[in-house]
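Residue numbers (my numbering), protein chains in the order written: chain A, 26 to 413; chain B, 53 to 268.
Possibly wrong hints are sitting among the right ones.
Unchecked claim - Taking lysine-lysine and the BS3-like style, the derived pairs with C-alpha atoms no more than 30 angstroms apart in a straight line are:
id, chain 1, residue 1, chain 2, residue 2
1, A, Lys164, B, Lys214
2, A, Lys96, A, Lys183
3, B, Lys195, A, Lys384
4, B, Lys92, B, Lys164
5, B, Lys226, A, Lys394
6, A, Lys401, B, Lys173
7, A, Lys394, B, Lys214
8, B, Lys173, A, Lys237
9, B, Lys92, A, Lys394
10, B, Lys212, A, Lys52
Said to hold, decoys possible - Quick look at which bits of chain A chain B covers, simulated, 3 or more residues with Cβ under 8 angstroms:
id, stretch
11, 159-172
12, 182-191
13, 217-229
In short, the hints are calculated from the structure, not lab data.
Note that CB positions come from ideal geometry on N, CA and C, so glycine has one too.
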Amino acid sequence: MMCKSLFVYSDDLLKYHFHPDHPFNQKRVTLAKELLEAAGQLTDDEMIKPRMATDDELTLFHDRAYIEAVKRAGSGILDPDEGLNYGLGTEDTPMFTNMHEASAFLVGGTLTAVDAVLEKKCEHALHLGGGLHHGFKRKASGFCIYNDGAIAIQYIRKNYNLRVLYVDTDAHHGDGVQWAFYDDPNVCTFSIHETGRYLFPGTGNVNERGIKEGHGYSFNLPIDAFTQDDSFLHVYETAFKEIVEFFQPDVIVTQNGADAHFYDPLTHLCGSMNIFEKIPIVAHQLAHQYSDGKWIALGGGGYDFWRAVPRAWAQVWNVMKEGKPQQGRLPMGWIKKWQKEAPVTLPSFWHDPEKNIPKIPRKREITEKNEQTLSKLLAINIHKLRKS
Amino acid sequence: MLVEEIMQTNVVTLPPTATIEEAMNLLQKHRIRHIPIVDKHDEVIGIVSDRDVRDACPSILDEDENENILSRDIQTIMSQPVTTVHPLDFVAEIARIFYEEEFGALPVIRNKKLIGMITEKDMLYTLILLTGTHVQSSHIEVKVPHKPGVLPEVTSIIGKRKVNVVSILMYPCKDDPNDQILVFRIQTMNPTPIIYDLREAGYELMWPNNVPEPKL
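All chains, full assembly: derive it from the sequences and hints.
Written out as C-alpha cells, the structure is:
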C-alpha cells in the first residue's frame with residue numbers, strides 16, 4: 026500500500042540548539058532524513074520546507090508576554106530572574122541566541138504538516154522537528170519552548186473545525202498538550218508513558234481524565250519502568266483501538282518521541298526497535314479506518330540520537346509511505362558517513378538483534394502491572410462513557 | 053506549616069433555623085460535604101455533614117412526609133459541640149485530629165468567630181505539595197547512613213548541577229535501621245548527571261536508578 030506522504034524538512038530546524046552538552050539534539054532529524062535518503066526511501070519531491078509560525082499563531086496557545094520574553098531571551102536582553110518565571114535560563118531550557126526564531130520555525134513546520142494534510146496535498150505528513158509536548162502557556166519546560174502540538178491542534182480547531190485525536194508515545198507524559206485541552210471535548214488526548222513516579226514530569230496518572238465538558242476525553246496509560254516490547258505493544262494497541270472507536274476523530278496527530286528505547290539514557294523504559302515499527306503501523310491503520318487517512322506525525326523526545334532515534338523516526342516515514350517498515354541491513358553509506366562522528370558503534374540493522382536486548386528479571390510483574398493499568402483506563406473511561 | 057496557610061476562607065454557612073432542604077441544596081451546589089452552623093455573631097454552634105442530611109431524609113421507598121422532614125430546622129440534626137482549630141495550629145497537629153477523631157472537616161476559629169474550614173482533602177493536597185508531585189519534576193531516592201552531615205553532602209551534589217529541589221522527604225530504610233532513604237523531587241527532565249555524580253560519590257540509589265546503564 027503506497028500513500029502520498031510529505032516529509033517536512035530544512036536544515037534550519039537544527040537551529041533549535043541549546044548547547045553542545047544538552048541531551049536534546051536536533052541532529053537526530055538530519056540523521057533520520059539521511060538514513061532514509063541512503064535507503065532510497067525519501068526523495069526531494071517528497072520533502073516540503075517548513076515555514077515560520079507567526080506571533081498570532083503562537084498565541085493560539087501561548088501568552089504574548091511569554092513570547093516577548095522568549096524573543097528577549099534570544100537577543101540576550103532578558104533579565105535572568107524574570108527568565109526563571111518563564112522557565113527560561115534553566116538547565117533544561119537554557120537561553121540561546123535567536124531562540125524565538127528557532128522555536129517558531131519548529132512550530133511552523135508542524136503547521137506546514139497540518140496544512141499539507143488538511144488541504145489534501147497528501148494523506149499523511151511527518152515533521153520530526155516537532156512534538157515539543159512539555160511547553161506550557163507561559164512557561165518553557167522539559168527542553169520545550171513553544172508547544173507546537175498544542176498550537177497545531179488549536180489551529181486545526183480554528184481553521185478546519187475538525188475533531189482531533191492526539192496520541193503521544195513519548196516515554197514522558199505529554200502534559201503540556203493534555204492540560205491545553207483538558208476541558209475540551211473536541212480534542213481527545215491519549216498518552217502512554219513511563220509512570221511519573223520517578224520520571225519527569227510526574228503527571229499522567231490513569232485517573233487524569235479531563236474536566237468539565239472535556240471529562241472523559243483525556244486518557245493516560247502510565248506503564249512501569251523497564252517495560253519491554255510485548256507489554257508495551259499490547260497495552261498501546263488495545264487502548265488506542267478502544268479510544269479511536271469511542272472518539273471517532275476527523276484527524277489524528279501523533280507525537281512519536283523515541284525515548285522508550287532501551288538505549289535511551291533519560292528514561293527507564295526498555296523497548297526495542299520492534300515497538301517503533303508497530304507504533305506507526307497501528308496509527309497508520311487506524312487513521313485509514315477512522316479519519317479518512319488524515320494523519321500528522323511529529324517527533325518528540327529521544328536522547329540516544331545516534332542509534333535509537335534515526336532508525337525509529339525513519340520507520341515512521343517508511344510506514345507512512347508504504348504501510349510497512351524497512352527490514353534487514355542499514356545502508357552502508359549512512360553508517361560509513363556518520364560512524365566517523367559517532368561516539369558509539371552505529372547499528373547495522375533496522376531491528377535490534379536479540380543479543381542486545383536486555384533481560385529484565387521483573388518482566389512478569391511489570392507485564393501484569395501494565396495490564397492492570399490498562400484495565401483501569403478502559404474501565405473508568407470508556408465503558409462508563411458508553412453507558413451514558 | 054500553619055492551618056491559616058492551607059485553610060479555605062470562602063466558607064458556606066447556615067443559620068440554625070435554615071431548613072434541611074436548604075442544607076441539601078447547598079451541599080449539592082457547592083460540592084461540599086460539611087456546613088458549619090453559625091449564629092448571628094458568626095460563632096459556630098454546630099456542624100452538619102452530607103451524611104447527617106442523608107440520614108435525616110426518608111427512604112425513597114417511603115412516599116409520605118418527605119417534604120415535612122425537609123422543612124425541619126437544620127439545628128434538629130446538627131452535631132454539637134464542634135471540635136474546632138485555630139489558624140495558628142500546626143498542620144501536623146491537625147493531621148492527628150483527623151486521624152484519631154475521624155472527622156472530615158474542622159472549622160477554624162479566631163476570637164470565637166468562624167474564619168475558615170479545613171478538610172481532609174486540604175490535608176491530602178498539602179501532602180501532595182510536600183511530596184512535590186504538583187511540579188514537573190524527576191524523582192530520585194538515595195540510601196544514606198543515618199548520621200549527621202549526610203544531607204548537606206547529598207544536596208551539595210544536586211546544587212553543583214544547578215538543579216532546583218522541589219521537595220525532600222526522608223523515611224527509614226526497611227532493611228537496615230542504620231540507613232535512611234532520602235527522597236528528592238528535582239526540577240529537571242535530565243537527572244542523569246546528578247545520578248552519575250551520586251554514584252561517583254559512593255551513594256546507593258534506589259529503584260529504578262539503581263540499575264546502571266545499559267539497562268541490564
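Original post:
For this structure, which hints from the list above don't hold up?
Top reply: Violated: hints 7, 9, 12.
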